[in-house]
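Visitor: Residue numbers (the working numbering), protein chains in the order written: chain A, 1 to 84; chain B, 1 to 384; chain C, 1 to 207.
No lab work stands behind these hints, which were simulated from the structure alone.
There may be inaccurate statements among the hints.
[To be verified] Taking lysine-lysine and the BS3-like style, the derived pairs with C-alpha atoms no more than 25 angstroms apart in a straight line are:
1) K204/C x K143/B
2) K123/B x K28/C
3) K143/B x K205/B
4) K165/C x K261/B
5) K56/B x K28/B
6) K45/C x K28/C
7) K28/B x K343/B
8) K261/B x K133/C
9) K205/B x K63/A
10) K29/C x K45/C
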Amino acid sequence: MEELIEKLKVQIIEQLNLEDMEPEDIDAEESLFGEGLGLDSIDALELIVLLEKEYGIKIQNPKEGQKIFFSIKTIAEFIKENQK
Amino acid sequence: MVYFRSDNILSSLGTTTEENFTSMVSDKIGIISIDDPRYYPEAFPASIIDQTTLNKEFNIIANKYSNNDSYTKLEKMLIVSIYNALSKTDIDIKSSRSAIILSTTKGNVDLLSSDKKNSYDSKRVFLWKLGEVIQEFFKNPNKVIVISNACVSGVLAINTAAMYIDFGQFDNIVVTGGDLISRFVVSGFMSFLSLSPSACKPFDKDRDGLTLGEAAGTIVLSNNPDPKQQSIIFKGGATANDANHISGPSRTAEGSYIAIKKALRQANINPEQIDHISSHGTATPYNDEMESIAIERHGLENVPVNSIKGYLGHTLGAAGIIETAILLEEMRQNTVVKTAGFKESGVSRPINIIDYNYDKEISTCLKMASGFGGSNAAMIISKV
Amino acid sequence: MNKLTIKRYCHIKNNRIYVDGELMYAYKKAEGLRAFAKSVYRYLKPSYNRFFKMDEISKLGFLAAEVLLSDFGKSTYYDEDVSIILSNSHSTLITDQEHQLTVDDYDNFFPSPSVFVYTLPNIMIGEISIRHKFKGENTFFIVENFNAELITNHINSLFLTQKSKAFVGGWINQSESDYEAFMYVVSADGSIPHNTIEISRLYKLIS
């Protein structure tokens, strides 16, 4: 799980163009879309692309995304549950 | 004064404004399921122009010009539409007092794909080159003015044409617009999860995204009225940016509100004088909600409003133009067309969505448009 | 009637920034737009995370506006009275090619919304609008070469129809081999008259 979380941090920084961020800067439990990283609706869609590209998991409904993408930890948990 | 002299719509519902209008009032929808791997790995709904029919129409016109050159699908669409609109007037397109304004978001975007790259000169993918091809076909002495401003391009092009005519730069301007169904655009919108799996439902509580459409439209504006018909004139128009987000509309309809405000100001009319509104109505959850807010903020919630996108989908660069052409036909027939795809309102403001065709005296109308980049446009037209 | 004037102008080319004809910044390395834009960002320090989400041409437009508007008297104008009228020849070709690559091959098919959204030239107008809170008129023209008469006339007409009091105008282009920005502020309180001859002259000032 820890390994997946670290890998996710690197992937997210790259996919979302979070310049100047290092994996250490992101807390695995902090809310991604709130005050912390301040991600927006396009970032949420990019996370959907990331999940499909890197983990083969397809999310059809963006509303599902809200719960899954709450934090790096919730994303990691979702991947562990759904990865084929 | 700037007069609307003629107009044309080229789409899956017909090759003239009249044909399209008649199809719409007869409940015909031009949206079908496209199952063609050229465009997308899975089937998706869209309206599309049949290439064989287009070639036939185009060849007749090309023969009249003794023109054997090779033209792309979009170029043929635009040329056919312009020709049909012009032929209803006596305007001399070869005069330096006539100009062409082209509205398109992506032009010959299909030429970007690896299999099409070598079929035309590499410059053909440039929108200014597309304009040049049109200019040369019709032998107009002025460079075609190309406006590419997302989905407000069409309304913006009409506003711009009216402004240039008003200032005496030109006597006649042919405003034309078009965009293609392409893998480029379909996959882009799919990545936004903004395409509905079925024909779109503007303003509906079950609306779930937009439908793309392929069309070309033309509107001819002039400082000379047509003595044979009742004149409809341009009264005012404006664009405004939300200054909020590059893809989602302002939650308070900021830009749309300002654009309508400025259009009303230029038209020198009060909102009470608006008889009918043609909205942008793409059927995405956010757009339609935003427009309902803009409408209510201006006290226009009782004014009958429709969206045409349920018939032909969102035709991008053509949208503002073909929807204005339908608006003009509604005014000529004093009939408002129902919002195809709409059953029950799903927007928070109590706006008056047209859900069946009916007769109404319509004299002064508002056209709305919005697009990526936070852009919004409004235009007011009325009978003289 | 207030006459329009050119209040300030800037050129960005050859990895250099010129404001009102004077060199303001030069990037020492001979690298492309991406690296140059990053170095300008570090130099200007606008503290604006959105910057890194933009494609290269939007970054170029954003940075040109950043140097141009650093002391723009925003309080003098209502937000709806400042308009942005831009142009170029290539639209968003470089980003278009990037998006096309993600959809060419169905075995490697990953269209990205953050790339696709930048395949419209007016998005840079959106980015500038968001940064500076400008809510006025927007128009993006596609022309083969910078057309001073087209934009000047457009701006003057919008001014005379009272739809806008101040303008950001210009040419922001990125081709496969090069990039170029020429951007200027038009308002009533500048020192150079706003007309086609002056705009044309200023455009050619830096070659």
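Visitor: Any hints this thing doesn't respect? Which numbers, in order?
Guide: 2 and 3
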